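Chain by chain, the residues run as shown.
Protein chains: 2
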Amino acid sequence: MNIVLFESSERAGPLPREDERAKHILEVLGRKVGEAFDAGIIDGPRGRATVTGVDDVGLSFQFEETDPGLELYPIDLIVGLSRPQTNRKILQEATSIGARSIHFVVTERGEPSYATSKLWTTGEWRRHLVAGAAQAFSTRLPEVRFGESLADALARVGGESGKIALDNYEAPEHLMDADAGDLSIVLAVGSERGWTSPERALLRESGFALAHLGERPLRTETAASVGLGILARRFL
Amino acid sequence: MNIVLFESSERAGPLPREDERAKHILEVLGRKVGEAFDAGIIDGPRGRATVTGVDDVGLSFQFEETDPGLELYPIDLIVGLSRPQTNRKILQEATSIGARSIHFVVTERGEPSYATSKLWTTGEWRRHLVAGAAQAFSTRLPEVRFGESLADALARVGGESGKIALDNYEAPEHLMDADAGDLSIVLAVGSERGWTSPERALLRESGFALAHLGERPLRTETAASVGLGILARRFL
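Chains as they are written, first to last, in this note's numbering: chain Z, 1137 to 1372; chain H, 1137 to 1372.
Careful, some of the hints might be misleading.
[To be verified] Straight-line alpha carbon distances no greater than 25 Å define the calculated SDA-like cross-link-like pairs of lysine to any residue that follow:
1. H/1159 with Z/1283
2. Z/1159 with H/1221
3. H/1159 with Z/1174
4. H/1159 with Z/1172
5. Z/1159 with H/1159
6. Z/1168 with Z/1156
7. H/1159 with Z/1221
8. Z/1168 with Z/1152
9. Z/1254 with H/1168
10. H/1159 with Z/1137
11. H/1159 with Z/1220
12. H/1168 with Z/1328
13. Z/1159 with H/1285
14. Z/1168 with Z/1190
15. Z/1168 with Z/1143
16. Z/1159 with H/1249
17. Z/1159 with H/1247
18. Z/1159 with Z/1174
19. Z/1254 with Z/1267
20. Z/1159 with H/1192
21. H/1159 with H/1208
22. H/1168 with Z/1245
23. Z/1159 with Z/1172
24. Z/1159 with H/1328
25. H/1168 with Z/1190
26. Z/1254 with Z/1328
27. Z/1168 with H/1328
28. H/1159 with Z/1190
29. Z/1254 with Z/1296
Hints in this document: simulated from the structure, not taken from any laboratory. What you are looking at is a predicted structure, and each value in this text was computed from that prediction instead of being measured.
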């Protein structure tokens, strides 16, 4: 946690003493009354917060804005719904890297049941976004959708963006060499066992170029992170 | 698991029925007697194996070489020893991406106790290499060391290689723009909280250029994977 993030409703404090952030501020950062720590408001500004009081019940603080916070990159990630543990990593890492949206789609080689895991039904997914943003010293969370079909997501996401799908089998060039314009990019990453032929055809009809990351098939979460990390360079 | 890997001592079979690979071959791949699956010998060739018998005790098979298997990239990773869960991901992902060696070093902001975790003391670490190779359809495992000091690793690893250290604070350019020659590369990635000033000085004295992956601090394992994924492009 490189920055402690608050919901805007929490901005006036206090934090319950048992809240993980209170423990982090007091036990990991070792802050005492009168001392400050890096803080931010989710989807809002960054700043410094000063501890104004600590008791058994809570930690109070005063937050002062310093800057508007990092913007997200104009990169949308479409990724095959995977096992919950894989989805958790993707939520966190794609947020850290700075994608502006993540769309977990049902693919032919995925499991539709993955859309009903408690990651989604309990709202747990949002915690991974907050953790990913806090890691990256950022306040902004990507938009997230899950459970849509690949076809529906392709029809809805991206508009005039450059469009690239990672593929190990039919891609003519490396992602680093793929031309996707400099406006905004949609990156599509398949489920664990990759795209089927009909999915590849659908991607091509939807304007996606295929690109690879070398000849070694990577796990979905590794491919998503490496792919996003490469594309982010275009918007620095 | 995109390829089932055997130690060379296991090449003649049979696999115990309870071995994870036997379960994978029978239950996930659904292979029956007479049917074949992709297989490889660790640090040896790839090929096809045909199931020749299954009973309550074991699965026997016959392996036939088809090709020598993928080579590893001439990339050495030096990375700060981290929590075991982070190290596990690095072992697996760096192997999948194709690094030829991984050196987990003690850094000023790491915890020396991380070198005594059961990940290392039980030999568990090697399982993650095998899993990473199997994911990447590869048979070759990187060399792994752990517990050395950063200074000792810098003195020992790399020789005439290009040398790049990831850094969020003083790096003048993105990793994708860094010049590291085309012979071989050492990539150094810090522990969770990055390099100290003395470590940065040591890296520079040891011939390392500093490079970044954008302005967002990433988790050690994310930075390692994105960094290796970017560098691998140079050797395709």
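Now the hints, each set against the structure:
1. H/1159 with Z/1283: Not OK: residue 1159 of chain H and residue 1283 of chain Z at ~30 Å, beyond 25 Å, violated.
2. Z/1159 with H/1221: Within the cut-off at roughly 21 Å; holds.
3. H/1159 with Z/1174: 49 Å, violated
4. H/1159 with Z/1172: Answer violated: residue 1159 of chain H to residue 1172 of chain Z is near 54 Å, above 25 Å.
5. Z/1159 with H/1159: 44 Å, violated
6. Z/1168 with Z/1156: Holds: residue 1168 of chain Z and residue 1156 of chain Z sit about 16 Å apart, inside 25 Å.
7. H/1159 with Z/1221: 21 Å, holds
8. Z/1168 with Z/1152: 16 Å, holds
9. Z/1254 with H/1168: 36 Å, violated
10. H/1159 with Z/1137: Given that 25 Å is the threshold and the Cα spacing comes to 40 Å, the pair is violated.
11. H/1159 with Z/1220: 22 Å, holds
12. H/1168 with Z/1328: Answer holds: residue 1168 of chain H to residue 1328 of chain Z is near 24 Å, not above 25 Å.
13. Z/1159 with H/1285: 31 Å, violated
14. Z/1168 with Z/1190: 8 Å, holds
15. Z/1168 with Z/1143: 22 Å, holds
16. Z/1159 with H/1249: Judged against 25 Å, a Cα distance of about 23 Å means the pair holds.
17. Z/1159 with H/1247: Within the cut-off at roughly 20 Å; holds.
18. Z/1159 with Z/1174: 15 Å, holds
19. Z/1254 with Z/1267: Judged against 25 Å, a Cα distance of about 18 Å means the pair holds.
20. Z/1159 with H/1192: 52 Å, violated
21. H/1159 with H/1208: Roughly 28 Å between the alpha carbons, so the hint for residue 1159 of chain H and residue 1208 of chain H is violated.
22. H/1168 with Z/1245: 22 Å, holds
23. Z/1159 with Z/1172: Holds. Residue 1159 of chain Z to residue 1172 of chain Z sits at ~15 Å (cutoff 25 Å).
24. Z/1159 with H/1328: With Cα atoms ~19 Å apart, residue 1159 of chain Z and residue 1328 of chain H stay inside 25 Å; holds.
25. H/1168 with Z/1190: 65 Å, violated
26. Z/1254 with Z/1328: 20 Å, holds
27. Z/1168 with H/1328: Holds, at roughly 24 Å.
28. H/1159 with Z/1190: 54 Å, violated
29. Z/1254 with Z/1296: Roughly 34 Å separates the two Cα atoms, so the pair is violated.
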